[in-house]
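Number of protein chains: 2
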Amino acid sequence: MLRVNAELLREQTVAILRGWGMSAEHADITAARLAHADVRGIDSHGVALLLLYAEHQAKDWINFTPEITVLRQTPVITLLDGDHGLGHVPSTLAMQAAIDKCRISGLAASAVRHSNHYGAAGAYSLLAAEAGFIGMSFTSVWNSNIVPTFGAEPMFGTNPISVAAPGRNGVFYLDMATSTVAVGKVKLAAMHDKPMPEGWVLNAAGQPQTDAHAALREGIRLTPIGGNRTLGSHKGYGLACMVELLCSMLAGGWYAPTRAARGRREDPRPNIGHFFLVIDPAQFRAPGEFEHDLDDMLSALRQVPPSDAAQPVLVPGDTEAAAMRERLAEGIPLPDPLVQQLRQIATRCGAPVLL
Amino acid sequence: MLRVNAELLREQTVAILRGWGMSAEHADITAARLAHADVRGIDSHGVALLLLYAEHQAKDWINFTPEITVLRQTPVITLLDGDHGLGHVPSTLAMQAAIDKCRISGLAASAVRHSNHYGAAGAYSLLAAEAGFIGMSFTSVWNSNIVPTFGAEPMFGTNPISVAAPGRNGVFYLDMATSTVAVGKVKLAAMHDKPMPEGWVLNAAGQPQTDAHAALREGIRLTPIGGNRTLGSHKGYGLACMVELLCSMLAGGWYAPTRAARGRREDPRPNIGHFFLVIDPAQFRAPGEFEHDLDDMLSALRQVPPSDAAQPVLVPGDTEAAAMRERLAEGIPLPDPLVQQLRQIATRCGAPVLL
Numbered sequence: 001m002l003r004v005n006a007e008l009l010r011e012q013t014v015a016i017l018r019g020w021g022m023s024a025e026h027a028d029i030t031a032a033r034l035a036h037a038d039v040r041g042i043d044s045h046g047v048a049l050l051l052l053y054a055e056h057q058a059k060d061w062i063n064f065t066p067e068i069t070v071l072r073q074t075p076v077i078t079l080l081d082g083d084h085g086l087g088h089v090p091s092t093l094a095m096q097a098a099i100d101k102c103r104i105s106g107l108a109a110s111a112v113r114h115s116n117h118y119g120a121a122g123a124y125s126l127l128a129a130e131a132g133f134i135g136m137s138f139t140s141v142w143n144s145n146i147v148p149t150f151g152a153e154p155m156f157g158t159n160p161i162s163v164a165a166p167g168r169n170g171v172f173y174l175d176m177a178t179s180t181v182a183v184g185k186v187k188l189a190a191m192h193d194k195p196m197p198e199g200w201v202l203n204a205a206g207q208p209q210t211d212a213h214a215a216l217r218e219g220i221r222l223t224p225i226g227g228n229r230t231l232g233s234h235k236g237y238g239l240a241c242m243v244e245l246l247c248s249m250l251a252g253g254w255y256a257p258t259r260a261a262r263g264r265r266e267d268p269r270p271n272i273g274h275f276f277l278v279i280d281p282a283q284f285r286a287p288g289e290f291e292h293d294l295d296d297m298l299s300a301l302r303q304v305p306p307s308d309a310a311q312p313v314l315v316p317g318d319t320e321a322a323a324m325r326e327r328l329a330e331g332i333p334l335p336d337p338l339v340q341q342l343r344q345i346a347t348r349c350g351a352p353v354l355l
Numbered sequence: 001m002l003r004v005n006a007e008l009l010r011e012q013t014v015a016i017l018r019g020w021g022m023s024a025e026h027a028d029i030t031a032a033r034l035a036h037a038d039v040r041g042i043d044s045h046g047v048a049l050l051l052l053y054a055e056h057q058a059k060d061w062i063n064f065t066p067e068i069t070v071l072r073q074t075p076v077i078t079l080l081d082g083d084h085g086l087g088h089v090p091s092t093l094a095m096q097a098a099i100d101k102c103r104i105s106g107l108a109a110s111a112v113r114h115s116n117h118y119g120a121a122g123a124y125s126l127l128a129a130e131a132g133f134i135g136m137s138f139t140s141v142w143n144s145n146i147v148p149t150f151g152a153e154p155m156f157g158t159n160p161i162s163v164a165a166p167g168r169n170g171v172f173y174l175d176m177a178t179s180t181v182a183v184g185k186v187k188l189a190a191m192h193d194k195p196m197p198e199g200w201v202l203n204a205a206g207q208p209q210t211d212a213h214a215a216l217r218e219g220i221r222l223t224p225i226g227g228n229r230t231l232g233s234h235k236g237y238g239l240a241c242m243v244e245l246l247c248s249m250l251a252g253g254w255y256a257p258t259r260a261a262r263g264r265r266e267d268p269r270p271n272i273g274h275f276f277l278v279i280d281p282a283q284f285r286a287p288g289e290f291e292h293d294l295d296d297m298l299s300a301l302r303q304v305p306p307s308d309a310a311q312p313v314l315v316p317g318d319t320e321a322a323a324m325r326e327r328l329a330e331g332i333p334l335p336d337p338l339v340q341q342l343r344q345i346a347t348r349c350g351a352p353v354l355l
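Going down the list, the sequences are from chains A and B.
Taking our numbering, the leading residue of the first sequence gets 1, the next gets one more, and so forth.
Taking our numbering, the leading residue of the second sequence gets 1, the next gets one more, and so forth.
Note that these hints are calculated values from the structure, not bench results.
We put the CB at the ideal spot given by N, CA and C, even for glycine.
Among these hints, one or two may not hold up.
[Unchecked claim] Covered stretches of chain B, going by a simulated chain A footprint (3 or more residues, C-beta under 8 Å):
(1) 102-112
(2) 217-231
(3) 294-305
[Unchecked claim] Distance ranges between label pairs, derived from CB positions:
(4) L52/A x D318/B: 34 to 40 Å
(5) H292/B x P335/A: 41 to 47 Å
(6) A282/B x E218/A: 39 to 45 Å
(7) A322/B x E11/A: 57 to 63 Å
(8) L216/A x A58/B: 57 to 63 Å
(9) A329/B x A205/A: 33 to 39 Å
(10) E266/B x G288/A: 22 to 28 Å
(11) H292/B x P312/A: 47 to 53 Å
For reference, chain A alone in the conformation it holds in the complex (with noise of 0.2 Å):
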C-alpha cells in the first residue's frame, strides 16, 4: 500500500489525461473532480476510474477534445452538450452555470447530454455548498446494474443522488447510489471469498445470490436500496427511476435498456445526462439561520444514543470529512495492484509515470 501525496497524484492523472489528448484546462478540471474523491475516501470514484475511463478510451466512446456547447440558457436553466467528453468539464461547467444564476436569481437548474462518466456525484453539489447554497447532483450511468423490484433483469445503472449544503462549522455532504450496495461491495466480496449478505445481489433468476463469484459471472444485478419487496426495494427501485427521469428523459441523455432497441445502435458511445440543482438559502430564511438550523440538527443527531457505545452515530459527510483530514496530513493509500495499473496506463499514452 502506497502513500501518496493529493498533489502528486494529481499530477499523474493530469499527465494521463494529457497523455489521452486531453486539454491541459479540461484535465486540471477532471484531476480535481477526481481528487475530490480521492481525498476523501471515496477510493471507487478517484484515480481508480482511471481504468475504466482506460477501457472507454480503447472503445473509442470518449472524445478527449469536446467542444462543450450551450445548448439553452436562460435566467435560471443552463443546457449544455458534452460533445461526448468526460462528464467532469461539462458538469463543472454546468454546476458553476447554476451557482451562477443562483446568485441573482435564488434557484437554479443545469443539465448535460451527451455525457460520460462524471466521477463522484457528490464532488459537483459540494461546489455548491462551498458557494453557500443547497446543490444537488443527479447522472445516469451508461450500464444497467440495479433490478426493478419484482424483476429478474437490470434497468438501471447505480443512479447517484448527491446533496450538500452548508453548515456553519462544516458541510452537509450525502452522495448515495440507489442501489443497496455499490458494484465495488461485490467484487470486494469475490476477492476476500466471502459471501454476501442476502439483499444486496439477485441470480438471474431474481432470487438472492450470496456468492460474489457467482453474480460477477452471471452478470451483476443489484438490489435497489430495501433489498427486496418487504424491506422497501420499491422505494430504491422509486429512486432510480426518478433519477433516470432527471438525466435521461429531461437532460435528454439515452435510456441505456432500450436504446439499441430504439435504433441507436449506430453509435457506440454512451450518452449519459446529468442533472443539478442549485437553492439559495437566504431566499427562505434570514442570513445565517440556514446555516444555524443545519447545525443544530447535526449536532443533535451526533448525540443521539448509540445501539452499539463503539459506534456513534454519524452523519452525512462526517466520514468523508474524518478521511480527508487524514488523507490530507497523511498521504492517499493506493494499493499496489492500483499503482501498477495507472503506471502501465501511463506508459501506455505516454505519460510521465510519477508515482
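Using the hints provided, position chain B relative to the given structure of chain A.
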C-alpha cells in the same frame, strides 16, 4: 366494510372540516387533497387522517381560520406562512404558485412554514404533473419515528418524498416515506398478532424488534429505508436528513427533536414545513420528447421478465392508477371502525352525518 361514493365521502369531509370552523373554500381544497389519497388506495392518507386531525384539534394545535400570508415572492420563489392551519391549503397555494411561475420561468420552488400535516405528499407533486411539469413535494412531520443509523432514538418523522411527471399515456407518480415501512404497517401487524420482519422496527436499545405489540408499547422506532447499515440504512437516513433540511432548515419549520431543548416549549403547536419544486421539461427537450421518453422507460420496465410469473414488474404509480379505476367505479371501501369514528367526529363537531 362500507363502499362509499367518492363524492359523498368528499361531502362528509367538508362537513367535518366546516364543523371545526374551517371556511367553505379551505374545506373544499382540504377535502380534495384527502380524496386524492382515498381514490388512489392510499388509505393511510385519506379520510382516515381526520382521526389524527381530530386529536390535534382537541389539543388546540390547529388554527382552522388561518390567515395565510406571502412572506416572500420572486419570479421563481414563493414562501408562505400557514398560520398554523392544516397544511393542505397553503401547500395547494404554494404548489399552484410554483406551477404559475414555472409557466414563465421554467423552474420554480415554494416553501411553507408554520404548517401542519398536509396529507399525502403526492397530492401536490401530481398537481404539477397534471399541468405538464415535473413536480416534487417534501414535508417534515410533527413527531419523530425514524432512528438514524447506529442510533437508538427516533430523530425524524417519516419525511416523505414525492415526484410526479407527465408521460404521454399516464403519469409517473412516486410517493414514499424515507422509513422502511409506515407506522400503519406496525399497527396492522399488531392487529393481526403477527411478528414483523426483522428490519422494520428497532427496540429501545436500537436492536431489531419483531414484536409489534412491544413496538407500540415502547414507542415506534422505524428504521430508515435499508433497515440496517449492511443493507444501506445510512442512505434512507441521509434522505430523511435531506427532507428535514428542505422543510425545517430551508422552509423555516422547527426540527422536532431539538425544539424543546431550544426554548420553543411555550408554543405547543407544531411548526411543520413543506417544500415544493416544479420543472418544465420543455425548457430542456423539444415538445413531447420528455413525455415520449418517459413512456418508453415505463413500458420497458413493465416488460422486464419478472422473478415470479404471477407478479409483473410495476412502475411508480401503477398501483395507485389501478386502485383509482376500481374505486371510482365501485366506491371507496371504508372499514366499519373507521366509519364509526368518522360518524362520532361529525357528531362531536355538529356536522351532519352523511355516511
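Find the hints from earlier in the document that the structure breaks and name them by number, from lowest to highest. none
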